[in-house]
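With the hints as a guide, bring the two chains together.
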Amino acid sequence: MAEAMRSAVAQMLTGIERYNPENVPTLESYVDYQSRENTYDLEANLAVLKLYQFNPHLYNTNITCQILLKALTNFPHTDFVLCKCLLNEKHLAEPQIAHIMFLADILESCDFQEFWTRVHSVPDLCSQITGFHDSIRKFVCHVVGITFQTVNRSVLAQLLGGVDDQTLKHWVNKYGWREEENDMIFIANQDENIKTKNITEKIDFESAAAIMAASR
Amino acid sequence: MPRRRGRAQYQHRAEWQNVMFSDESCFNLCYNDGRTRVRLYRGERNLRAFIVKRHSGQTLSVIVWGVNVDNMRSRLLRIQGNLNSNRYIREVSEPEVLLLFHNYDGYGYSGSLEYDQHGGDPHAESDYDRQGYNNIPDMVKRFLVYFRNCISEGLIFEIQNLYESSFPKLTEQFFDKKPWPEVSDVAALVDNDAVFLILYKELYYRHIYARVTGCPTVDQRFQSFYNYCDLFNHILKYRLDPIALELPDQWLWELVDEFVYQFQSFAQYRARVQKKTPEELEKLHNNNKVWNVLCVLNVLHSLVERSKIKRQLEVYASGGDPDSVAGEFGRHSLYKMLGYFSLVGLLRVHSLLGDYYQAIKVLENIELNKKSQYSHVPACQISTSYYVGFAYMMMRRYSDAIRTFSSILLYIQRTKQLFQSRTYQNDQINKQTDQMYHLLAICLVLHPQCIDESIHQVLREKNFHEKMYKMQYGELSEFESCFVYACPKFLSPAPPPADAPPDYDYVKEAIKYQTRVFMDEVKQQKMLPIIRSYLKLYTTLPLSKLATFMGQGENSNWNLNDGMKALIIHLLCFKHKMKNVVWTKGTSGLEGKFQSGSELDFYIDHQMIHIADTKVAHRYGDFFIRKILKFEDLNRKLHMIKI
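Chains as they are written, first to last, in this note's numbering: chain B, 5 to 220; chain G, 445 to 1087.
Okay, chain G solo, but in the shape it has when bound (with noise of 0.2 Å):
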């Protein structure tokens, strides 16, 4: 049983009250669960006559659920499968967990979960607001006391549940549109438990940020700010001991991805000058410290540094243990997880400044393509493409940002069940996918390249084509459209000037900015679609004949001579763009070697140009295994029938 921990400090009987147990065990029908059973009767311990040994092999295994709370029990679970943790969430934790808090009240239960009859601590109940405090509903009161309890106990499973159920939930039903209860009002509740009062700010924070109209205020950003201040302080203040707090990796992973955005929400606030009354600006002014774009750099370094993180992704990717290099904070699943995503943090940060060599340079020693042990967080993994995939299209390396995105595509199409049911990652998720198709669609157009066949259907059934059609025939402003719909969104690092001309918009200038030089380097490229389609005919073509096709429409004062020149600028410029960087192997995602990578390449030998195309085949295989599934599918169904 893995989950004692700090039981010892729950001494009153009313306290083991509050106490759920839960745990899962796994009955196999033979003994072949990797571990040796011994009987141990006083004096026998550790003889050999006793250890009983079973054969090994495939066998077949019950694995039940159940828990325990005071003087009540839970049904008895079967678990069928595999169980990871979005299955306990579904099937486990929110069917049976929740009926029994219902449950729970419903016995008349009231002693010490009821913290308006504990008169443990006089002071406490006069330190808190009462109004304020009487307005939390019992169910919130019972969840707050039961969460704390489980942080400071570590239960993950537990704490994962409420974390991504529970807490959701309730945010639901009673705090829709408006924000969850004050720290002041709750801190009573959890015996004014520091470190489960700063969880909850962030929380709290985070909820007002997402859900409430009319906010955050510049306070509330503040408070937020000063709210991470204090929760990556207790993280890192002793240089020598790691804290003793586990938190489930998607809270983790949740946490740094807020953090960034709060901070790329705070430089767009602050970048909007002319909404502010002086009193705001002032404000803003005095404590340019908040938000600042150092501190959030800085914090996350920090993070990366203590968990060594980076030295345990390379020991990782050359095949070795990882906890070998970790120190005692990397061992530490909450610094070793901090670590990992605040590399993916510093990404974030530095694609929304415009800095792609550093945003790819910061994942060495991650090999994307690979699933790995840090690689079960989808959002994680999902946004982590995203910036890669954009960093690459910005830096011309367009078979890579292609491998990138459809990689990582693919694998939302097969797992998309998976996170269905958890709707509020849902929709960063989809927006994230949509804009990769748009950046996929716009990278296909200036690099086309075969990719995989499901993906293509996507694009055909999402009607992509009638928009890489406009942006094949050089249609700017839908490339335009295309690149705004799916950018990050880019941020100024320095606040606007105090002297700002305020008609300026600041919000729009790091993204007009990015656009610009996205758009420049397609205008530099607007021929080369023109030139595919012709070479795309013929197998050679002399460069005349070409010219002439080129020359077709303008005006007439066009020669043939001038043409050809014209011409030979386009097709070097076009060999010269289809050559890029491409990863090929090893740790670092900047290296790389020329290829051209894309499905059209021709030389020229004298006065004629040669062609290379790419022919794919027809695909069966798919075809055919759907087909077969249909008609087994049938098949079966044919069977039932009872006639």
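So here's chain B without its partners, still in its complex pose (with noise of 0.2 Å):
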């Protein structure tokens, strides 16, 4: 059903068929769709909001909420960014669309349990997306993944926005992770792939041969 959405929707952005305002309802529709079944499709999103730049007096705060919300759910890659520079000075005005920068901005910052909290103050604005939490909680474990080899157990506990103990194993055991004696967890040996590089300069023949040859 997704992939049938997804292959249609892309049917209906190519070329300049993209910039047709009569897509909006459709492409709105979809991405209700998304929220609710917890899809994404970036391409489809931005889309909408560029049809938003270009018939200002189509814009709906409801739908660019979600599709921001949708981004944060996509971190760590930079969609909110792209969607970000989409808007403009006015909408970010807006206190439900200003809520979302600020989020995005902690996040980023990684301060997560700042995050956690601001986003259990309002309840409303995340649950209208499925699987919210625990999109979020993936990036968590993804910047843990590559900063830590060990990490303290209740430290990893909070910044995946203080969950319980069953949850806590649930996430260690999803990334293959391993508890430790003194409430440690192991999370990967980092020797293998951080270490100190070392660029020396590699001469071929190739390019000294020229040289060679001519002042011989």
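Treat the hints as calculated values from the structure; they're not laboratory data.
The beta carbon of each residue, even a glycine, is placed where N, CA and C say it ideally should be.
Don't take every hint at face value.
[As the list claims (entries may be wrong)] Straight-line Cα separation of at most 27 Å, DSS-like style, residue types lysine-lysine; simulated pairs:
{"#": "1", "chain 1": "B", "residue 1": "LYS201", "chain 2": "G", "residue 2": "LYS970"}
{"#": "2", "chain 1": "B", "residue 1": "LYS94", "chain 2": "G", "residue 2": "LYS719"}
{"#": "3", "chain 1": "G", "residue 1": "LYS681", "chain 2": "G", "residue 2": "LYS754"}
{"#": "4", "chain 1": "G", "residue 1": "LYS1037", "chain 2": "B", "residue 2": "LYS142"}
{"#": "5", "chain 1": "G", "residue 1": "LYS613", "chain 2": "G", "residue 2": "LYS875"}
{"#": "6", "chain 1": "G", "residue 1": "LYS967", "chain 2": "B", "residue 2": "LYS142"}
{"#": "7", "chain 1": "G", "residue 1": "LYS1023", "chain 2": "G", "residue 2": "LYS914"}
{"#": "8", "chain 1": "G", "residue 1": "LYS1023", "chain 2": "B", "residue 2": "LYS142"}
[To be verified] With the C-beta cut set under 8 Å, the calculated list includes, among others, these residues of chain B facing chain G:
{"#": "9", "residue": "LEU50"}
{"#": "10", "residue": "GLN57"}
{"#": "11", "residue": "THR82"}
{"#": "12", "residue": "LYS88"}
{"#": "13", "residue": "CYS114"}
{"#": "14", "residue": "ASP115"}
{"#": "15", "residue": "GLN153"}
{"#": "16", "residue": "LYS201"}
{"#": "17", "residue": "GLU205"}
{"#": "18", "residue": "ALA218"}
[What the hints assert, rightly or not] Some residues of chain G that are not near chain B, with every Cβ distance over 10 Å (derived):
{"#": "19", "residue": "ASP467"}
{"#": "20", "residue": "LYS621"}
{"#": "21", "residue": "TYR682"}
{"#": "22", "residue": "LEU699"}
{"#": "23", "residue": "LYS720"}
{"#": "24", "residue": "PRO722"}
{"#": "25", "residue": "GLU726"}
{"#": "26", "residue": "HIS820"}
{"#": "27", "residue": "ASP871"}
{"#": "28", "residue": "ILE899"}
{"#": "29", "residue": "MET912"}
{"#": "30", "residue": "GLU924"}
Now the structure itself:
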């Protein structure tokens, strides 16, 4: 179903048709669909924002909010910035949008604890996006996965939004991490990926051949 | 001889006198030009015995060039080395053809080139405004007639020469700050040749935009738009047959580029509500289709579609022959190149509207890092890289941005001499180059990375280090000023609302907004350079120690526990921001893998930060090569001295 819709919408967005304002209702309902069914289609969402940009009278705050929240769920990709670039100063002044901008800002800064507090303070905003919290947790796990070799259990639970033991275990298993003694969690052996690089100059024969031939 | 098309129409001797024949020919000292020579006597055609075959292998050759007009001919010019279009203009056309032009007059030749005495079409004569017509200098008249003939005959090298060299020269001599002659005055000179007049108008308006003070007026903007409509309608009007027109690629590029530029210029003009009279505002309001963003996109998309350029590029990228999928239109050089340049035009339009995703996406199947059969117009290459690099930077793909900028800046460094002689392209190229150095400096501050030594050299020489130093130490105003200088001139696609408050600045609105988006990103990253500067000093560093360093200068309320918490956040942010999508392979610039390309990286194990830096060994190769060459040179000079 999702795939069929995706390709139908992709068809709708080829060539100049992309800018046809008559597509707006279809595309907007596709945004609703993504929020409901936890699917994601950046390209279609950008097309909606572009249509709003070209036809300011069609602008719809609720749809825009959904698109922005969906973009948050696709961190660490920079989809949110791409969406933000298609808005304007006036949109950012709207309270709902401003709030999402603030959420994005603290999420980008990786202040996860603050992020969860803020999200919990406005439950309505994010509840319209199915799977919102878990998508953010995926991003948290991504950042944890590249930063730590071992991390304290309670720190991790906090980063994931103060989750209980059961949920923590779920995420640890999902990413193949390992619980160790002293309340530590082993993430991965980072020495293999993160090591000092030495860049030395390599001169191959070809690049020296010309000068050698010339100075015979 | 490739230039025979359309000669049949010159039936009278007088008209033949208007025609110049030029060609170059290569004479090999051994027969190794890939041709098999056959001496043809009647009845002996195709007899094997008469085919002369020669050896293949290295051989010497002489290229000569010459021109014939009526009863005159030029010197025979010897051409050394490879003849490309730039050399052709510099060494062949400019000195030789223009000389011949002058001599032509000097010989007292006043036949059919002088239209005053040409009474062929009495209606045409009464049609034009005599006054305006007479004001056209003779040299310009001759130029226009010759120009038109070259275009209708498809003399591509000659057109290129006239376009790139003669036109700017005549502009400087006669029309420095004023417009070229009115189209109505020119029409009679060229037998009302509709296609030529459209092309002429394009140049006419382009010149007005570029050089004439106080212009363009709102009417000129409208007229220029309608002329582009005429031009593109003419090109796209037949569904089945391509039109028989050939123009040099340089011209086609500048045509598309100018079209987008005038759109951009119009959007800015429209946004300046304050300085307009009510009549002007009303006129703009009533003609909201003119320079409408959809029209512009429509033209560019139509050219892309008609030429099937996307399919061609796809096949080309996979090693196939693009002609096999090009179709009737796409095989035609005019359509093919217009299609290609339209992709770059779309890249620019999307960038101006802040749609960076589409900007990069539109260039799918173009491998920027590779030389290809489409990449021979330097201005186009440079412009493409500028917008692509910028879009990457906004998408936080710093590695890709740095790669894009450094490779084009290296290219500019190496080929600078080639386009330095063409002054009219120079200003734009220089500006864009400087902008790219600024963007590169920004990217290198945000994402320190090894780059080519010679680019580093330029950054040093041009004093970018001071700017970079300021940015590293968190001076936000420096980031902002570099960004504002170097960014494209963003647009709002919709006109300002009718009830616009008159004191609001709509021109700067879009630039301000994009700057804000960028500055938000910079602010999120503002602690990273500081952390980086500490980490650089160690291979391992306890979290608590770094937290203490960071806490220095904070007020007395600072305690280690909070400091550690804040530090973890910054470190997570560091890792997040430095791990970005980097293009690795394939033909889509959007795809890539997450990589940490920056020179410093780390991980946290228990309470300890383990740091991995990049060490770059000193490079000797370039240094020695330079010294060797210098020595050789000195040696040669010493040998030349005769005592």
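Taking the numbered hints from earlier one at a time, note which ones the structure violates and give those numbers from smallest to largest. Checked against the structure, no hint fails, so every one of them is satisfied.
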